[in-house]
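Trainee: Those protein sequence lines, which keep their order, are chains C and D. This note's numbering puts the first sequence at residues 1 to 237. This note's numbering puts the second sequence at residues 1001 to 1269.
Note that these hints are calculated values from the structure, not bench results. Any given hint might turn out to be false.
Reference listing, derived: stretches of chain D covered by chain C, where coverage requires no fewer than 3 residues with Cβ under 8 Å from a Cβ of chain C [as the list claims (entries may be wrong)]: (1) 1074-1086; (2) 1125-1136; (3) 1203-1216; (4) 1224-1236; (5) 1255-1269.
Label-pair restraints from in silico Cβ distances [claimed, not checked]: (6) D:Lys1082 with C:Met123: 42 to 52 Å; (7) D:Pro1266 with C:Asn131: 45 to 55 Å; (8) C:Leu120 with D:Asn1067: 35 to 45 Å.
Just so it is clear, the structure is predicted and the values come from calculations on it, not from any experiment. C-beta atoms are modelled at their ideal positions from N, C-alpha and C, and glycine is treated no differently.
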Amino acid sequence: MDNKNTLLPAHGNNSLSLPEMPGRRRFLSYLGLAATSATVIAACRKDKDDKNTVPPGSIDLGAGDMGILNCAYALEQLEAAFYTQVISSPFSGMTANEQLLLTDIRDHEIAHREFFKAALGTMAIKSLEVNFSSVNFGSRDSVLATAKAFEDLGVSAYNGAGQLIKNSSYLLLAGKIVSVEARHAALIRDLISNGSFADNTVVNLNGLDLSSKPTDVLATASVFLKSKLYAGNLPTS
Amino acid sequence: MNLANIISSIEKIDPELHDRLDSRRGAMQQFAKIGGKIAMAAIPFALGSMFKTAYGQSTGDVSSVLNYALTLEYLEAEFYTKGAASGVVPAGTPAVGAINTIRDHENAHVAFLKTTLNSLGATPVSKPTFDFTAGGTFANVFTNYDTFLAVAQTFEDTGVRAYKGRAGDLISNHAVLTAALQIHSVEARHASHIRQMRKARGANIKPWITGNDTGGIGSAVQASYNGEELTTQAGINIQNFVNANAASESFDEPLTANQVLAIVKPFIV
């Protein structure tokens, strides 16, 4: 039996090139994080003590609380790099008030990034390469829409990661940061449309904010990253 | 006593019970193992010990945190409900929509926490009687818009710190912890917006807390801001990376239950 043929779709789909996949490792590497959480979950179905193989060229976030903190570090790297660019090349028509507030946010994200780097020490992932090709830094609309996406993502990421953290000191630190991200998110949303700080796209009928699993967060973040992150060793419960 | 029913009602509110006890069968076996050795009278204790295995704490601890949160949400919900009805918010401005949004969230939090407590088999605390003037300190709270916003800001910033302070007590109950975090960040969104509303009224304030600054409200609410000036986190000096203001703003600080209860005491009759 030819394995390649069993993988062929009935009506060939060139964009996925599945028949050329030699194995699971290649499959993971090919899809990277843009793949779906299903990929990562599949990779996680091994004994917990058995570290999953990191695809070549990918950066392993690690396991346990350190893995979760590295996820946060990755997000903070992304946000800090973004706002650094926003302030170094301001969009046309940036008001003095906007410049003040966006500079504050840049500094907060730098504080978060450097905090995680120092706290993680030798466990820290390396500095990530970002990809902001989808952002028009000259346009207020483009910058604020991206900022909103990052801030709402950050809030949902910390909310979702809380239950995966075992050490209550780390949980408290995440809690100290997430409310600042929520303050940012509300401000950015109000700059786009006053009064949208906590609208029904982020807060449900029970009055609860968004919460996302690390794999979903990383899939969204991967659009803005050249570096490929590997989440297969992260805790899932 | 029907153990299967008890386990199944816990499963409804905590789908992860199985993970904590390996499996449903594991839960039954664990219980049977204990049950075989002890008299029937001791069963409630054995059950309690099983839950302790599952949650690392008694369900009573979780309930007490939820009732603590419920008390704060009662305070906020009634405050905004009365405020919105009082006419203190200038009609025809975007402020009306914002206050209504926040009012609806706080009332939703009250309903959600009550439902959660009921499903845990716990009794939600009753709503206290509130005095939003805090014994006359904020005498014109429902007639002066700036006073109203000042009290709103204090409640929101205090709420953020209160939830943060109890998160660790919920660490073993994933479902409740996640919900508490989801409320916590909504309170922070509210705080950010209320602070912007005050800024639009001329207050020297930003959406985040700088040092232990009350934003011009003054000593009556200072206890809600003390401790926010911290610039060292986990032994790391944040001022090595950014200026002192940004170092304090970039991390919100928790309050203990006793600190929060002292802050809200003047508002409870």
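Trainee: Now tell me, hint by hint, if it's right for this structure.
Mentor: Verification of the hints:
no., hint, result
1, 1074-1086, "violated (count 0)"
2, 1125-1136, "violated (count 0)"
3, 1203-1216, "holds (count 3)"
4, 1224-1236, "holds (count 3)"
5, 1255-1269, "violated (count 0)"
6, D:Lys1082 with C:Met123: 42 to 52 Å, "holds, 50 Å"
7, D:Pro1266 with C:Asn131: 45 to 55 Å, "holds, 53 Å"
8, C:Leu120 with D:Asn1067: 35 to 45 Å, "holds, 37 Å"
Of the hints listed earlier, those the structure fails to meet are numbers 1, 2 and 5, in rising order.
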